[in-house]
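Enquirer: One letter stands for each residue in the lines below.
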Amino acid sequence: MSTSTVHTLGELANLLEVRLNGDPSVLITGLATLKSAVPGQLSFLSNPRYASQLAHCRASAVIVDAEYAGACPGAQLISSTPYVTYARASQLFGAERKPAAGIHPSASIAADATIASDVSIAANAVIESGVRIGSGSVIGAGCYVGADSTLGEHCMLYPNVTIYQGVTIGNSVVLHSSVVIGADGFGFAFDGRRSVKIAQLGGVQIGDDVEIGAGSTVDRGALDDTIIGQGVKIDNQVQIAHNCVIGEHTIICGCSAIAGSTSIGRYCTIGGGVGVIGHLQIADKVMISAMSLVSQSISESGIYSSGTGLLESKEWKRNIVRFRQLDDMAKRLRELERLAQGRPSAPGDSV
Amino acid sequence: MSTSTVHTLGELANLLEVRLNGDPSVLITGLATLKSAVPGQLSFLSNPRYASQLAHCRASAVIVDAEYAGACPGAQLISSTPYVTYARASQLFGAERKPAAGIHPSASIAADATIASDVSIAANAVIESGVRIGSGSVIGAGCYVGADSTLGEHCMLYPNVTIYQGVTIGNSVVLHSSVVIGADGFGFAFDGRRSVKIAQLGGVQIGDDVEIGAGSTVDRGALDDTIIGQGVKIDNQVQIAHNCVIGEHTIICGCSAIAGSTSIGRYCTIGGGVGVIGHLQIADKVMISAMSLVSQSISESGIYSSGTGLLESKEWKRNIVRFRQLDDMAKRLRELERLAQGRPSAPGDSV
Amino acid sequence: MSTSTVHTLGELANLLEVRLNGDPSVLITGLATLKSAVPGQLSFLSNPRYASQLAHCRASAVIVDAEYAGACPGAQLISSTPYVTYARASQLFGAERKPAAGIHPSASIAADATIASDVSIAANAVIESGVRIGSGSVIGAGCYVGADSTLGEHCMLYPNVTIYQGVTIGNSVVLHSSVVIGADGFGFAFDGRRSVKIAQLGGVQIGDDVEIGAGSTVDRGALDDTIIGQGVKIDNQVQIAHNCVIGEHTIICGCSAIAGSTSIGRYCTIGGGVGVIGHLQIADKVMISAMSLVSQSISESGIYSSGTGLLESKEWKRNIVRFRQLDDMAKRLRELERLAQGRPSAPGDSV
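Residue numbers (the working numbering), protein chains in the order written: chain A, 1 to 351; chain B, 352 to 702; chain C, 703 to 1053.
Keep in mind the hints are simulated off the structure, nothing from the lab.
Treat the numbers as computed from the prediction; the structure is a model and nothing was measured.
Covered by chain B, per the in silico footprint, the following chain C stretches (three or more residues, Cβ under 8 Å):
#1 728–734
#2 818–827
#3 855–867
#4 1003–1013
Virtual Cβ for every residue (Gly too), placed ideally from N, Cα, C.
Based on the sequences and whatever the hints tell you, model everything.
Expert: Now the structure itself:
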């Protein structure tokens, strides 16, 4: 990937605050993987699995830990955290083409909305009454911001995002396309005949530096607010139900769903496709592996999993039949152990 | 949560058709949970787990079952179904700020669409040829209603909903943002070389009082229609494939998916993240727990589950290895039982 | 389902390249299932399970394999691949009502976009700078096409699709509503305190004849592109993460998610609700059954599954307790086998 941005290696070492082994005047025009990099590009090694690719890497320079410096045919930017240094470098080369400030003539802006002078609002965006949008924010084409919602500074809403009324969003929040914030939580009371709607009277609060991926949804609270803490990163097609509280700096991977009123701690990592049922408390620094179902609160940090693992279907079918017999097998095993120990089973014996 | 709505307790008792223990002249300005309520607010107790919070609740009144009346420091609205009474109260305080009737000048309305005089159509909505929209309905900003589709009375389409052509929607239907109704069902015939598209010639019928959450999708039928029965409530990011029939008053929680041509009965509850494969018949009043896979028809009402439950990953890994040996273990167990019974195994012996 | 299209049986036999048993002058006005067809309609039998419905089918003609010809009361179109013939017939009766070429006055088109003269662009669509759109393509209402993205010929974008900048789309690609192509991949480097954004500098390439269902998302690559091969068909609410490569003619059913940098082979079938973790290699012609988690690379074509199957919850709870004891049970079983063989266990003995 090449961009029009160009930096010398010397500049990059300064900007990234790392040490350079090599010629500081070499020009770098972009970033690439070890495998696909060409001269003029910068690459990186963060996963030791790929260390063998260093020898043949054609990049002009590579971001590496000091222990791999000797293995690089070209220059090196020496970092004890090469993945973080790569992340910072990517921002230098991938500077968002931020649209110019100003309001497109086709946008519909309520007369009493308060919009900082350097905000950019694209075609067909709709900003309702009482909305406040802070300095440097960008509202993409076709976005909708409902009445009395607030966006902080330097927020980025990609096209076709929908924000309902009464949502509070901090600074530097990124919302990708088709995200919906503040739709009604799923609340109904069954009266024996039909489901009576529970009006969802709470709102949503989203902290600073949150990013939410395409197609994700965060529902408004029933009475209190749904809360997404500062620095939380949410991938695509994630569902956060009403009155959830997501702790600061937690990461939620794609297609996961958190049911209503569950609180997740800080610095957690929720894998892809995970389900967390409602009204649970999850501690800080918990990791849940992909497609697990969390059906009980978790009070200890650690790694948790569920599922059977993948098998060839024939083998899976043979074993799955036995899964249904597991309790029976456990009892029969206990009985054999009793026999082996020379004592008879008794009715009501615990297994 | 406070709104500008104010009711006296006496009024509330009348409107909610429940008995009041307390001063009917007390003013109530909103609803809150037992924990966060302040004077001037109404709270409720439906889950006995929270009964201990009654003693310290600062709400001016609480909706409770008669058995908890004595535990309340303030007034009580006595209901045998406090959750339903709370739902009704929430509607009194959360009356939707319904937009005024009228068509925004930026909306595109086909000349031959038939739109009741009191309908509200917001900015940039697009209404195609032959569409009919009934009295009191609201079409949000950026919504699209395809040719010859019909919406009944008092429907609410939040912003950025898409309805394809030929969809029939009843009265009082609520569709949240990013919902897509009537996209093509997933139908292809593989000719040995490539997948040949099966044109999806059916439509979608949605009954009265249906609510569908943000980002959910309901596909049009291949030949016959896909049908969502009256009173069905569907949460966010649910997928209903072509030719499904969802029985009246069934509830489908977030991120579930129902594959093609499956019929689900009436008054079912499908938990979150559930998958139901295609061409199945599910009886009335079936409950499926979260993240279960339904791979066979269910003819009896009841509760059904799948999955392994969540374990610490280390413990999970130990056990999951054994899952792959289950069939082998079952056979070895049977062999030991034979030995214990003093008879030799025979080739072909059933296990 | 009836349309205004009418064909004689003779014409249909010619167009579908199959043999007709019956009167070629009979008029056919539409397609229907065996069960619901009426005279004047054409039906089909592809699944032998429904063969018993032939006897009472009222369709004027049925597409069948030769072996069922005798069972049809009416005319037959004889095909060795009746499902493929039905697919082709559906296209004859379901010809898309393609909108007329032209650009709606409310669309916003960048001055330097290159748009073929017969393209149709609907209300409120936004086409950014540098975009190229090929002949015969249709851009639905409210769609957004980001800077420098390219669409080939005869593409169909249903309303409210979002394409980010720098996306390359081939010919005859169909994108359903709420699809998002090219949003940022989910890439962050944790610096011990917070998640540092990795700018997503790659793009997305989508091959010819791809169809992507409503609400699905395909992320742009981190450095290299995300690639969707020719003829791939993706159902609704599927998530394809950054740098995935999906092989030609593979089918991905609804609500599945493929994590980053995974390559899936050609002619695979990924069932609904499947999760595939990142950095895996899946061979050609692999089938994954619904809601399986693929957590290791698959090098052999075949059918693969995971999960426990569905049980009544009571029975499931009894067995699930034992799942947690499986490793313990396996060890106890081994011990009994040792006893039965008359040899004592030794510390460190392998089980």
